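Trainee: Now for the letters of each chain:
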Amino acid sequence: MPVIDLATTPLRELNQALHDAATPGHNDTEFEVLNPKGAHAVAVGVAAPVDIQVKGSVGYYCGGMNEAASITVHGSAGPGVAENMMSGTVVIKGDASQYAGATGRGGLLVIEGNAASRCGISMKGINIVVRGNIGHMSAFMAQSGNLVVLGDAGEALGDSLYEARLFVRGAVKSLGADCVAKEMRPEHLQLLESLLAEAGITDVKPQEFTRYGSARTLYNFNIDNADAY
Amino acid sequence: MCGIVGLFLKDRALEPQLGALLSGMLVTMTDRGPDSAGIAIYGTPAEGRAKITVQSPEPDAVFPGLQAALAEASGGSAEVAVKSTHAVISLDAGKVAAVRAALAAMPAVRVMGVGEAVEIFKEVGLPKDVIARFEIAGMPGSHGIGHTRMATESAVTTMGAHPFSTGADQCLVHNGSLSNHNGLRRVLRQKGMSFETENDTEVAAAYLTAEMAGGKNLGQALEGALEDLDGFFTFVVGTKSGFGVVRDPIACKPAVMAETDQYVAFGSEYRALANLPGIETARVWEPEPATVYFWEH
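Residue numbers (my numbering), protein chains in the order written: chain A, 1 to 229; chain B, 1 to 297.
Simulated from the structure, these hints should not be mistaken for laboratory data.
In this text the structure is predicted, and so the values were computed from the model without any measurement.
We treat Cβ as the ideally placed atom computed from N, Cα and C, and that holds for glycine.
One or more of the hints may lead you astray.
So, partial list: chain B residues that the calculated Cβ filter (under 8 Å) puts toward chain A [stated by the list, open to error]: (1) Arg271; (2) Pro277; (3) Ala282; (4) Glu286; (5) Pro287; (6) Tyr293.
Pair ranges (Cβ atoms, derived) [to be verified]: (7) Ala108/B with Leu34/A: 48 to 58 Å; (8) Lys10/B with Ile223/A: 57 to 67 Å; (9) Leu226/B with Thr8/A: 57 to 67 Å; (10) Gln190/B with Val180/A: 21 to 31 Å; (11) Asp5/A with Ala20/B: 19 to 29 Å; (12) Lys173/A with Gly215/B: 32 to 42 Å; (13) Ala137/B with Lys93/A: 42 to 52 Å; (14) Leu34/A with Asp92/B: 47 to 57 Å; (15) Ala215/A with Ser177/B: 30 to 40 Å.
Okay, derived cross-link-like pairs now, EDC-like style, lysine to aspartate or glutamate, Cα gap no bigger than 20 Å in a straight line [stated by the list, open to error]: (16) Lys37/A with Glu58/B; (17) Lys253/B with Glu280/B; (18) Lys253/B with Glu155/A; (19) Lys173/A with Asp31/B; (20) Lys93/A with Glu155/A; (21) Lys37/A with Glu280/B; (22) Lys173/A with Glu198/A; (23) Lys253/B with Glu116/B; (24) Lys93/A with Glu58/B; (25) Lys93/A with Glu183/A; (26) Lys173/A with Asp248/B; (27) Lys93/A with Glu112/A; (28) Lys37/A with Asp31/B; (29) Lys55/A with Glu288/B; (30) Lys240/B with Glu72/B; (31) Lys128/B with Glu259/B; (32) Lys173/A with Glu155/A; (33) Lys182/A with Asp224/A; (34) Lys10/B with Glu280/B; (35) Lys182/A with Glu198/A; (36) Lys95/B with Glu116/B; (37) Lys83/B with Glu58/B; (38) Lys205/A with Asp224/A; (39) Lys95/B with Glu58/B.
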């Protein structure tokens, strides 16, 4: 297993090695990254089904554009973790900063601590599971995918939401424009159960969550809704 | 973008290392703003003495005669220690007003900061160069703040660099941009504040000074800033014995804090904190939007 120590190896070499893993003739399936010390762009654009264990906290855009890789950060993550992820898994053992999982199109992002503001902003198919709380303006303009929050949500949750589904177990400080609480139907309970299982969470039940989604009044411009935009 | 750092020591055993720790934090933030850099260090006040940090674009011409030029105004108490383009004038605390008046008559000397504890050094250039020319890494102290600037609201000049100090032992560094600084500057001028630049951050510093002059403590002044300042900001402020942090309600500008038994630290990014002693076991968190954080010795 390659062990890449960022105290002695430049970040470009790490990312090049991870990109090379997607090309024929490269057989490494597990990587360990040491001493990230808040470095930006750790393990971005990985397009191979490899396992990457990052031992420490990372800075901006860790796991960005991830495709197929399983990335675990044994620490906290800076802004934009797993931004525009396509597939694969990113697990943050600590907290995540602003806009975690922004614009993500697929895959699973698990944050075992808290996420800050704008978690899942403009998400387009990614699934995000947060064990702690999320900050203000989360899921702003979220288009599809699922955001599961075991703790509380900050102000303006789901502002201008499209078809993403939001499941929050704790309190929601306020809902954004066009975001409403919705009935939890059997298919939602089933979906939530599978998302929690995927995220390795076994100590909470789907019935403890409230579902939020779009009231669909802002889809087309209507002068009567002008105040809500 | 800008990079800001701050370090408030709780453990006096770390005080000899303050300059070195803060320098390391600031150099790490260089790529957030390479225009100019500055640092404020709070040292141990000497009984009955005050300090005025001054800067001159012609240090070789001005500083050699400065002590003699200030002898009368300072009652013979002024001692001048030159560091590159800056000089720290130590003097009897009771003579500050007279010496400031004398300095105001010297066009080649600009005041960076005044107080019993604070010394402020700032110049155009990279943090590593600014830190080296002022020998910051060797300075002891109880707390300090630093800034590396990516200019947005005013020119890249020494006076436009942070920290901004508009009151005794007060200073402020800022990441962000204010949108109502011109209007607020007019209001503050009417209250008697004076300004040396067109910089938005100087207005924020002057606002806090004016509020505190009106009887508020720093915490209350920062609460007021949330109401009266419009725009994006993460502020880190220092006072003679205190250290405060506040972010605007939208909180676009990044901020990370760490606290241990030995210190409270602030960085624009976690990278700035990554080499502090005991960071592995520190409590690390993002300050909440529109929330004032304040520590005092």
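Trainee: Next, verify each hint and record whether it holds.
Mentor: Results for each hint:
no., hint, in the structure
1, Arg271, "holds (4 Å)"
2, Pro277, "violated (14 Å)"
3, Ala282, "violated (11 Å)"
4, Glu286, "holds (5 Å)"
5, Pro287, "violated (10 Å)"
6, Tyr293, "violated (15 Å)"
7, Ala108/B with Leu34/A: 48 to 58 Å, "holds (52 Å)"
8, Lys10/B with Ile223/A: 57 to 67 Å, "holds (58 Å)"
9, Leu226/B with Thr8/A: 57 to 67 Å, "violated (44 Å)"
10, Gln190/B with Val180/A: 21 to 31 Å, "violated (48 Å)"
11, Asp5/A with Ala20/B: 19 to 29 Å, "holds (25 Å)"
12, Lys173/A with Gly215/B: 32 to 42 Å, "holds (33 Å)"
13, Ala137/B with Lys93/A: 42 to 52 Å, "violated (34 Å)"
14, Leu34/A with Asp92/B: 47 to 57 Å, "holds (55 Å)"
15, Ala215/A with Ser177/B: 30 to 40 Å, "holds (35 Å)"
16, Lys37/A with Glu58/B, "violated (41 Å)"
17, Lys253/B with Glu280/B, "violated (24 Å)"
18, Lys253/B with Glu155/A, "holds (18 Å)"
19, Lys173/A with Asp31/B, "violated (36 Å)"
20, Lys93/A with Glu155/A, "violated (24 Å)"
21, Lys37/A with Glu280/B, "holds (10 Å)"
22, Lys173/A with Glu198/A, "violated (27 Å)"
23, Lys253/B with Glu116/B, "violated (32 Å)"
24, Lys93/A with Glu58/B, "violated (54 Å)"
25, Lys93/A with Glu183/A, "violated (31 Å)"
26, Lys173/A with Asp248/B, "holds (18 Å)"
27, Lys93/A with Glu112/A, "holds (5 Å)"
28, Lys37/A with Asp31/B, "holds (16 Å)"
29, Lys55/A with Glu288/B, "violated (27 Å)"
30, Lys240/B with Glu72/B, "violated (28 Å)"
31, Lys128/B with Glu259/B, "violated (26 Å)"
32, Lys173/A with Glu155/A, "holds (5 Å)"
33, Lys182/A with Asp224/A, "violated (23 Å)"
34, Lys10/B with Glu280/B, "holds (18 Å)"
35, Lys182/A with Glu198/A, "violated (23 Å)"
36, Lys95/B with Glu116/B, "holds (12 Å)"
37, Lys83/B with Glu58/B, "holds (13 Å)"
38, Lys205/A with Asp224/A, "violated (40 Å)"
39, Lys95/B with Glu58/B, "violated (25 Å)"
When each numbered hint is compared with the structure, violations occur for hints 2, 3, 5, 6, 9, 10, 13, 16, 17, 19, 20, 22, 23, 24, 25, 29, 30, 31, 33, 35, 38, 39.
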